[in-house]
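A.B. asks: From first to last, the protein sequence lines stand for chains A and B. With our numbering, the residue at position 93 of the first sequence is 93, and numbering never jumps. With our numbering, the residue at position 84 of the second sequence is 84, and numbering never jumps.
If you are wondering where the hints come from, they were derived from the structure by calculation, not from laboratory data. Every residue, glycine too, gets a C-beta built ideally from N, C-alpha and C. Please note that the accuracy of each hint is not assured.
Derived lysine to aspartate or glutamate pairs resembling EDC-like cross-links, with alpha carbons at most 16 Å apart [stated by the list, open to error]:
1. A/251 <-> A/77
2. B/251 <-> B/179
3. B/97 <-> A/110
4. B/251 <-> B/77
5. B/97 <-> B/20
6. A/97 <-> B/77
Here chain A is said to cover these stretches of chain B; the calculated rule only asks that three of the stretch's residues, wherever they fall, bring their Cβ under 8 Å from a Cβ of chain A [stated by the list, open to error]:
7. 9–19
8. 22–33
9. 71–79
10. 152–160
11. 171–181
12. 230–238
2 protein chains.
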Amino acid sequence: MGYLFDADTEVTRRADGAYDAEISDRWHALSGAPLGSYGLTIGLRALAHEMPFPHPLSVSAYFLRPTQVGPAQVRTEVARIGRRMATGQTSLFQSGKERLRAVATYTNLDKADGGTQLLGHLPRSTTPPDTAFDPLDDVPLPGFSLLDRLDFRVTEPPGWLQGKPSGDPACQQWVRFADGRDPDLLSLAFFWDALAPVVLEVGETMSTTLEATIYLRRRPAPGWLTCRARTRYLTGGLHEEDMEIWDSTDKLVAQSRQLALLP
Amino acid sequence: MGYLFDADTEVTRRADGAYDAEISDRWHALSGAPLGSYGLTIGLRALAHEMPFPHPLSVSAYFLRPTQVGPAQVRTEVARIGRRMATGQTSLFQSGKERLRAVATYTNLDKADGGTQLLGHLPRSTTPPDTAFDPLDDVPLPGFSLLDRLDFRVTEPPGWLQGKPSGDPACQQWVRFADGRDPDLLSLAFFWDALAPVVLEVGETMSTTLEATIYLRRRPAPGWLTCRARTRYLTGGLHEEDMEIWDSTDKLVAQSRQLALLP
Numbered sequence: 001m002g003y004l005f006d007a008d009t010e011v012t013r014r015a016d017g018a019y020d021a022e023i024s025d026r027w028h029a030l031s032g033a034p035l036g037s038y039g040l041t042i043g044l045r046a047l048a049h050e051m052p053f054p055h056p057l058s059v060s061a062y063f064l065r066p067t068q069v070g071p072a073q074v075r076t077e078v079a080r081i082g083r084r085m086a087t088g089q090t091s092l093f094q095s096g097k098e099r100l101r102a103v104a105t106y107t108n109l110d111k112a113d114g115g116t117q118l119l120g121h122l123p124r125s126t127t128p129p130d131t132a133f134d135p136l137d138d139v140p141l142p143g144f145s146l147l148d149r150l151d152f153r154v155t156e157p158p159g160w161l162q163g164k165p166s167g168d169p170a171c172q173q174w175v176r177f178a179d180g181r182d183p184d185l186l187s188l189a190f191f192w193d194a195l196a197p198v199v200l201e202v203g204e205t206m207s208t209t210l211e212a213t214i215y216l217r218r219r220p221a222p223g224w225l226t227c228r229a230r231t232r233y234l235t236g237g238l239h240e241e242d243m244e245i246w247d248s249t250d251k252l253v254a255q256s257r258q259l260a261l262l263p
Numbered sequence: 001m002g003y004l005f006d007a008d009t010e011v012t013r014r015a016d017g018a019y020d021a022e023i024s025d026r027w028h029a030l031s032g033a034p035l036g037s038y039g040l041t042i043g044l045r046a047l048a049h050e051m052p053f054p055h056p057l058s059v060s061a062y063f064l065r066p067t068q069v070g071p072a073q074v075r076t077e078v079a080r081i082g083r084r085m086a087t088g089q090t091s092l093f094q095s096g097k098e099r100l101r102a103v104a105t106y107t108n109l110d111k112a113d114g115g116t117q118l119l120g121h122l123p124r125s126t127t128p129p130d131t132a133f134d135p136l137d138d139v140p141l142p143g144f145s146l147l148d149r150l151d152f153r154v155t156e157p158p159g160w161l162q163g164k165p166s167g168d169p170a171c172q173q174w175v176r177f178a179d180g181r182d183p184d185l186l187s188l189a190f191f192w193d194a195l196a197p198v199v200l201e202v203g204e205t206m207s208t209t210l211e212a213t214i215y216l217r218r219r220p221a222p223g224w225l226t227c228r229a230r231t232r233y234l235t236g237g238l239h240e241e242d243m244e245i246w247d248s249t250d251k252l253v254a255q256s257r258q259l260a261l262l263p
């Protein structure tokens, strides 16, 4: 059975070891251009073919130039293969120009042992309550094709969407694929970028990711993901945004941090 | 006037474009081996020669193998040079094996414009009070040569050092170079790794960094740095550690996040 996320991130290995891919118009951000993490996911699918372990554990991506709808090429490189972990690199090119570069470590998370202590606070709830609603349901956002791919839920409408930024650059939202595809580790390396930047709540209008590092902490259970994001420091037109992603069984499955630039 | 940190991170460009360096025994961690961020700093000094902007802004490092005292070679690559930012990559080799790989974006932070909003909380104080003391003053730690290079101050002795982990994996410490060298951006990409991991406060005995990303937010003023670290999630033998570094004028100068593995 075919899900769009899988079809649209497919890569084909060529004789020279590079991979061919196609950036579709189905994963556009609010800006009307492909979401940065969509191209990253394509790069990671290629790299996964070269790694002897199944699960991405840490991914650090530098977004060098915007991606565009159309053909793309991915080149990968293995940096080190160890007993429990392997590290490699993936670069996505379009028209001969490098669009993004990521270094990533892979492992087998099913074999991870050692203690677990959750010292942070759980989100309020990891499944949407009956009172939750779709924050973007009535909002006309032409070109923002991502909205047709994902379901979002919030308990309270974001202030920025009502023209009244709350002053608190934070949010908690539920998200899932609209076509019923369950989340996996690869999709967590995509979802961190799917929410509106929380600096919209302090009056900013957009933000461009320069770098993002995602730690994949656990394979997510089927169902809704809970995304909790926060920005603490905005200095000289730059800000970080941290996100935690929790699965439907109240387990932390990913952490991301990005550095982004205001226009 | 020569400071040890500058002498011990020096790189020499070779005819083939690579750089030669020497890892000294003066920057050893508690483990008795060179601190990971010491090798990173050498890699960044080489990369800085290839970048048209003076200041590292974001650095993502993967620590592939431990470094050792002795000769090292650094290979750099430019990924993209833009109008305001440039991104490149640096790899440090010893005995033909890649020890660490980092991707980094450089800019000119003196030309950064745009708003500043500090939404996080300032540390309690950015200069040590009269009651502060050196936490490691009376502790015999042979091989831990870093202790001779840096001054540390705390207001309260860490629980782990007294054999009574506090249960709260967090700390705040002041740090500076012992020989009077003032902090700069390059040294911030070193200092994030200079404190004991805060998981010692939940009974762990050591921790190995797999990946670290450091955002350099501002050029630090002379004087003490205040480092504030916290771990929130320890799962399957892995944990993140976040650090903020503040300068002596109460400005946030760096943020780091690392993913580390328990033995």
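A.B. asks: Broken hints, numbered, in rising order?
C.D. replies: Those not satisfied are hints 1, 2, 3, 4, 7, 8, 9, 10, 11.
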